[in-house]
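Here the protein sequences come in this chain order: A and B.
Just so you know, we're using my numbering here: the first sequence kicks off at 1 and counts up by one.
Just so you know, we're using my numbering here: the second sequence kicks off at 1 and counts up by one.
If you are wondering where the hints come from, they were derived from the structure by calculation, not from laboratory data.
Note that beta-carbon positions come from the ideal geometry of N, C-alpha and C, so glycine has one too.
Do not take every clue at face value.
[What the hints assert, rightly or not] Below, computed lysine-lysine pairings styled on DSS-like, alpha-carbon distance capped at 25 Å:
| hint | chain 1 | residue 1 | chain 2 | residue 2 |
| --- | --- | --- | --- | --- |
| 1 | B | Lys-52 | B | Lys-30 |
| 2 | B | Lys-64 | A | Lys-50 |
| 3 | B | Lys-250 | A | Lys-50 |
| 4 | B | Lys-30 | B | Lys-64 |
| 5 | A | Lys-50 | B | Lys-306 |
[What the hints assert, rightly or not] Where chain A lies over chain B, by a calculated footprint (3+ residues, C-beta under 8 Å):
| hint | region |
| --- | --- |
| 6 | 240 to 251 |
| 7 | 296 to 310 |
| 8 | 399 to 412 |
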Amino acid sequence: MLRIGCPWCGEREEIEFSYGGQAHLAYPQDPHALTDEQWAQYLFMRDNPKGLLRERWVHSHGCRRWFNVERHTVTHEITAIYKPGEPPPARRA
Amino acid sequence: MRYSIFSLVRQAFAGHRGWDEAWRTPEPKKQYDVVIVGGGGHGLATAYYLAKNHGVSNVAVLEKGYIGGGNTGRNTTIVRSNYMLDDNAHFYEWSLKLWHQLSTDLNYNTMFSPRGVLNLAHTEGQRDQYFRRGNRMLLNGIDAEWMTREDIARFIPHLDCSDNPRFPILGGLMQRRGGTARHDAVAWGYARAASALGVDIIQNCEVQGFAREGNRVVAVETSRGRIGAGKVGIAVAGNSGRVAGMVGLKLPIETHVLQAFVSEPLKPMLDTVVTYGAGHFYMSQSDKGELVMGGDLDFYPSYAQKGNIPILEEAVAAGLQMFPILSRVRMMRHWGGVMDMTLDGSPIIAKTPIDNFYLNGGWCYGGFKATPASGWVFAHTIAHDAPHELNRAHTLERFETGHVIDDKGAGPVAQWH
Ligand SMILES: Cc1cc2nc3c(=O)[nH]c(=O)nc-3n(C[C@H](O)[C@H](O)[C@H](O)COP(=O)(O)OP(=O)(O)OC[C@H]3O[C@@H](n4cnc5c(N)ncnc54)[C@H](O)[C@@H]3O)c2cc1C
Ligand SMILES: [Zn+2]
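One chain only, chain B, in its complex shape:
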């Protein structure tokens, strides 16, 4: 059923009893042309674009829990394309373009809200570095704008733009086309649209191993039995290493936990996304009024989907430097998600040494914004057994050839990216 104002009105008069299931819940078939492991945004988007762009619809998405229950449903939903290096810039910019039309394309309200993403600068060195990145963005055809301290004080009245903080704000790099989206809706919207094109979404189905014949995977061993597969793509976020390990691949990845937390709901006070530059902290306000906040990861590898208090404290301290007005606001919830941090800070969307086994992972802090483009190019890579123009550089081999994509220039340490 198409969602529209008319279907809404019709259902309103029918007591909302006539809505059908957003996606089908089929029993797994014996064999699929493509099996996608991981029902987060990336796996679901991949399945959708396989069916829509490449006509491959005999596809299953296998999810060990419920769809969107991983990082897709745990993240702070910041969407942006303010990267410096070309390989990332063009990829994330394509993603941002897809975000701007996603709700219409999926016929599902993903609540994408281009409210702008503002990175604050607190030192002259940082300001120069932001100029450099902003100019690189402009040269790549991506919007970037420098805001002075006065501009920012007018734009975000509650932000402390005075000389009082330990690290006063000098200005900031703004990307107006960036913003936020509703994370669950992204998983559900892709699931519904993929299901309508014939993709089977199979929840509570954990992949536990792969059956091989020579250098090919022929079937997936799951908690719901063996499922034959022509090709296999994995998009399992923090579990990339484990699942790739089932076919003997070792990855340049460490699994780390990243936390997020929300305040009690407040009246509207912040209509953009703002990030602190003298530490690591970012904040936006949800439609329900909660302040959605995040900071650093916990700095040591972890598969626990919960965070530790020191990082929380540090993030909150940074937040209070920016917004002293929040000193008596209460926290409502905090949680964590396990992310695969690559050793150069950029994702891997690529073929692997195994013929029909494809890898989508290494999303670090920032894979939510990548969801549409990630699905787009991963579907292309699987369908054509060759990368798309936009993920040509995001290979596994780059770590051997020296073509790493280190946007921050941080070096080969997972937690520095």
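So here's chain A without its partners, still in its complex pose:
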């Protein structure tokens, strides 16, 4: 069971949250200007690291707000939590 610190509500159990995919994938400014390859990159290609991953979560059974989490995909340790629009924190070594 993950314990996730919602920036607004504090630490809660994983079952209150939903996963929202890799973070910092901005919707293209002008989708029509993209080639098929660029569009595929945006829509389908994922980083999928074995290690630290920055991802989006939403507190669906709480305040229902979105935020970003940096989490290790092997240990599941959460190394950072930050609000939308905030820059990601520097990576820990």
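Take the given structure of chain A and dock chain B with the ligands to it, following the hints.
Structure of chain B with the ligands alone, referenced to chain A:
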């Protein structure tokens, strides 16, 4: 040595001391025509069909741990071909046909048991959707059958077919030719048959990188040294992204963990595979009597080969809706495997932008049933440098051209498939 009733009787009288090794354990050679990375069912089946169907036997299968120690040995072994879209339907149906003759072909008992796979429907919308899929299956020449609630109550007496559950059962879509198999035996059977045809199976050999010359891979860097390769095929399940990343390929894949769990052994109570439709849960009973169960993946990417408790709880709750009789049964073990979830829910069995580097991955929840056909078409793709008729559509390019194969119509989110 061929396995038969006679060899068994002979060995019984000889104290079972005369069995030889099921497969050879050679030192890696300097160079192979084809190197397969990943000694799960798919890699081993590929090597077997390369040798058997295409006469390419100077082949090595490199496995970082022991063969079958990945998802092949961790899955709930459900075998079926009840897909809707043609590209998947014909591929999985060929696989099911191969399953029905696999033990004879390999001379190894894979314990394939066509006990039927029944998908329960709980709402009218779901029922209509199952009719639609069932009809598509029939049009594709695949067996499908609608069972009413009364049929099901007779067929699975312990299933709660009353009006009491929150989501009563309306009926179900049955594929009788589907069933289960013994997962380890599939890895061992393919390994033995491939080894007998000259394939080298090399365990404890992790692939750590590839040596390139221009747009070709010329050698594989492993924990046991450099191994030259004419062609390289990867079949590494949840590690597809990592291994493809070693040649600079980025894939439409996320790695997720899926759990399975078994109960203590019970007397025979369930002689089919049954899946819950109002949530995600599936169950069958093994020959040892354990109930083998599974549910959803954990919904966030993970390379940990173990699962988390909330999903387990949810799956068990669904199971108890179906089988209240199990409320006091004890769980014996639970575990997880890391799977490569593609963004359209279908596998990739294809050439890649690198000339002699081939990709077999993206098996999501359901790659065990694909094992024979996956090996069959991947061997063809590698031997001919061109896809087989049955994996023509399972390319990497489909994500650019828009020809995604999204059987569920779920959209580009890995964990929704
Ligand atoms: C809990 C669970 C339940 C499932 N239930 C079903 C089911 O009921 N029906 C069904 O059809 N499918 C099911 N699946 C999916 C199925 O198990 C897989 O899709 C299938 O077994 C994949 O086979 P594979 O040979 O591709 O992978 P694996 O068996 O995982 O083999 C890949 C191998 O590659 C090796 N490897 C990885 N990286 C390297 C490297 N760098 N160098 C060397 N070797 C490497 C790994 O050690 C591993 O042995 C389930 C999966 C899980 C986890
Ligand atoms: Zn909150």
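Failing hints, ascending? No hint contradicted; all consistent.
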